[in-house]
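Here the structure of chain A is known, so what remains is to put chain B in place on it, guided by the hints.
Residue strings, one per chain:
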Amino acid sequence: MDWLNRLSIAAIVAITIITIGMVADREIMKRQQENSGVEAEQEKSSYALQMEMDKKLYQKVISYKEQGLYPEAMAELKKIMKKYPEKSLSYVYMAQLYLKQGNMGDSINNYRQAVEMEPDYVDDRTPLFIGDKIKKLVTEGRKKFGREKTLRPKDKEVRKTIDDIYYLQSRLAGGCE
Amino acid sequence: MKLLEMIDVSIVAGAVLGTAGVLLAYWGNPVNSGICVSCFMENIAGALRLHNDVRMSYIRPELAGFVLGSFLVATQTGRFQVKGGSSPVIHFLLGFFMIAGCAVFIGCPIKMILRLSAGDLTAVAATLGLIFGVWLGVKYIKGGFVLDRKRELPRINGFIIPLFAVLLLVLPVISPSFIRTGQKGPAAWHAPLYVSLLAGLAVGAFAQRSGLCITGGIRNFFLAREKTLLYGVITAFSVALVLNAFLGQFRWGMNAQPASHLSHGWTFLAMALVGLASILIDGCPFRQLIKAGEGDVDAAITTLGMLYGGALVYLWVIRSTSAGPTFEGKIMVLTGMLFTLVIAMTLRRER
Chain A
1 MDWLNRLSIA AIVAITIITI GMVADREIMK RQQENSGVEA EQEKSSYALQ
51 MEMDKKLYQK VISYKEQGLY PEAMAELKKI MKKYPEKSLS YVYMAQLYLK
101 QGNMGDSINN YRQAVEMEPD YVDDRTPLFI GDKIKKLVTE GRKKFGREKT
151 LRPKDKEVRK TIDDIYYLQS RLAGGCE
Chain B
1 MKLLEMIDVS IVAGAVLGTA GVLLAYWGNP VNSGICVSCF MENIAGALRL
51 HNDVRMSYIR PELAGFVLGS FLVATQTGRF QVKGGSSPVI HFLLGFFMIA
101 GCAVFIGCPI KMILRLSAGD LTAVAATLGL IFGVWLGVKY IKGGFVLDRK
151 RELPRINGFI IPLFAVLLLV LPVISPSFIR TGQKGPAAWH APLYVSLLAG
201 LAVGAFAQRS GLCITGGIRN FFLAREKTLL YGVITAFSVA LVLNAFLGQF
251 RWGMNAQPAS HLSHGWTFLA MALVGLASIL IDGCPFRQLI KAGEGDVDAA
301 ITTLGMLYGG ALVYLWVIRS TSAGPTFEGK IMVLTGMLFT LVIAMTLRRE
351 R
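Chains as they are written, first to last, in my numbering: chain A, 1 to 177; chain B, 1 to 351.
Okay, chain A solo, but in the shape it has when bound:
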């Protein structure tokens, strides 16, 4: 073995030790932080903070909804949707309001838009999960719109709603998506 190889091996050993030492040191610090529950708390508080902000933003909508003033609630919701188009929760409220007024098709369509924007709504490992409600709705919807499709096979609205139902059922079924 010549001097260059000996030097290379020495350098490899030294660099390996230094790297492992640095990583180990970093990991010890990280573990200490984890043990103090900082990360888990951060995750929880991020959801909690979001929910708190949403509560304020949708205060009027919730109030109107509780009073049974659905058109007023929808008007308020449309204002929020215009100002904050990225808020998926608007579609959840819209879906609920349509359902309260007996409009199952538009309710399903709004749930679809909400799930497309925020998959956590159908993920039972997150606090946003509302999959049970959606599942119940699409199960009923599949029966209802299945019958309507038989009666009106060329109706575009019915076909679109059935498409939304299949989408939501596919998302609820899980899979790698």
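Keep in mind the hints are simulated off the structure, nothing from the lab. The model shown is predicted, which means the values in this text are computed figures rather than measured ones. The reader is advised that the hints may include incorrect statements.
[What the hints assert, rightly or not] Partner residues aside, some chain A positions facing chain B, computed with beta carbon under 7 Å:
1. G131
2. K135
3. T139
4. Y166
5. Y167
6. C176
[What the hints assert, rightly or not] Ranges of calculated distance between the beta carbons of each label pair, as one might list FRET restraints:
7. F132(B) / P153(A): 28 to 38 Å
8. Q101(A) / N52(B): 34 to 44 Å
9. G265(B) / S63(A): 44 to 54 Å
10. K83(A) / V242(B): 31 to 41 Å
11. F246(B) / P153(A): 29 to 39 Å
12. E52(A) / F178(B): 25 to 35 Å
13. R152(A) / N52(B): 28 to 38 Å
Beta carbons are placed, not taken as given, at the ideal position from N, Cα and C, and that holds for glycine.
For chain B alone, coordinates are given in the frame of chain A:
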């Protein structure tokens, strides 16, 4: 040993693949995704922070298992041969396009079989597309397509991907801060680590022994009516079908299947791309991992292309959801087809 001589090893490999594919989903992997090379590549790319979707960020030990199972068997049986140097950029890009095609279908050829075996009829279009792609590839092979000859390379080249696989197994244990593990979405769905690893090692080992390859089985049949690998593929499907039925995971139908869509034309085209690309570089995404484990440096480069693809399908939204393929996904399938056809055409040689 006598038993192994009696039963063709590719059938055993197919049975192991089908069993692992179904049981891994039963034990925690996403539905119908007990094994999916493209989904797992996307997961690993996310875990290494090559893309930003935390829902698709998890180091799947199965993929490392495939490589290491193949590596261990190859080194023990003297089949570890370090060769490469055949059009590396083409290998890299076709690896990328294979993953793009898989992302538009939502699954690799193995997942296609698993989805079919679970009653998902949307995978029929994918199967037809894959068969068409392979058939087209065989036409090019018969028409003179050939990549330049591989040559022997220094042995260190063959150890890089197996070492990377070892690193992938070590990372979840030491959990360094640059590794991200999603706690929701598909990332949160996984079988226990040791089960995934053992399944991966077993599948990798048998696949190395048998040469099992989904597209290879179809190719050999078209090329020379040779059915050994095809029997392995059919066995994988049959075993998965029986197990899915037995475990209550079989759900016949076209609609509302997990992680599927109804854009059958794009599914067909996407898997045709995967089939054609696989034939040009001699192996489906799964086979590329096995070959990378046995010292094939070109397959190693394809693997890196696949990992890059796993990242870009999320960064560039080249994929499908249950609503269907994105615009970017469609364009990438078309681009992939163009690229693959140009390569197939320009590398034809007169015989």
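Hint by hint, here is what the structure shows:
1. About 12 Å separates the beta-carbon of G131(A) from the nearest beta-carbon of chain B, more than 7 Å, and the hint is not met.
2. With 7 Å as the threshold, the beta carbon of K135(A) stays out of range of chain B, its nearest partner Cβ sitting at about 11 Å, so the hint is violated.
3. Because the smallest distance between the Cβ of T139(A) and any Cβ of chain B comes to about 11 Å, over 7 Å, the interface hint for this residue is violated.
4. Given the 7 Å rule on beta carbons, the hint for Y166(A) holds: about 5 Å separates it from the nearest Cβ of chain B.
5. The interface hint given for Y167(A) is met, as the beta carbon of that residue sits about 5 Å from the closest beta carbon of chain B, less than 7 Å.
6. The closest approach between the C-beta of C176(A) and any C-beta of chain B is roughly 4 Å, which is under the 7 Å cut-off, so the hint is satisfied.
7. Between F132(B) and P153(A) the Cβ separation comes to about 32 Å, which falls inside the hinted range of 28 to 38 Å.
8. For Q101(A) paired with N52(B), a C-beta distance near 39 Å keeps the hint of 34 to 44 Å intact.
9. Checking the proposed 44 to 54 Å range against G265(B) and S63(A) shows it holds: the Cβ atoms sit about 48 Å from each other.
10. Separated by about 55 Å at the C-beta atoms, K83(A) and V242(B) break the suggested range of 31 to 41 Å.
11. Checked against the hint of 29 to 39 Å, the pair F246(B) and P153(A) passes, with Cβ atoms roughly 38 Å apart.
12. Against the hinted window of 25 to 35 Å, the Cβ-Cβ separation of E52(A) and F178(B) comes to about 31 Å, which satisfies the hint.
13. At about 44 Å, the beta-carbon gap between R152(A) and N52(B) misses the expected band of 28 to 38 Å.
In this structure, the hints that do not hold are numbers 1, 2, 3, 10 and 13, in rising order.
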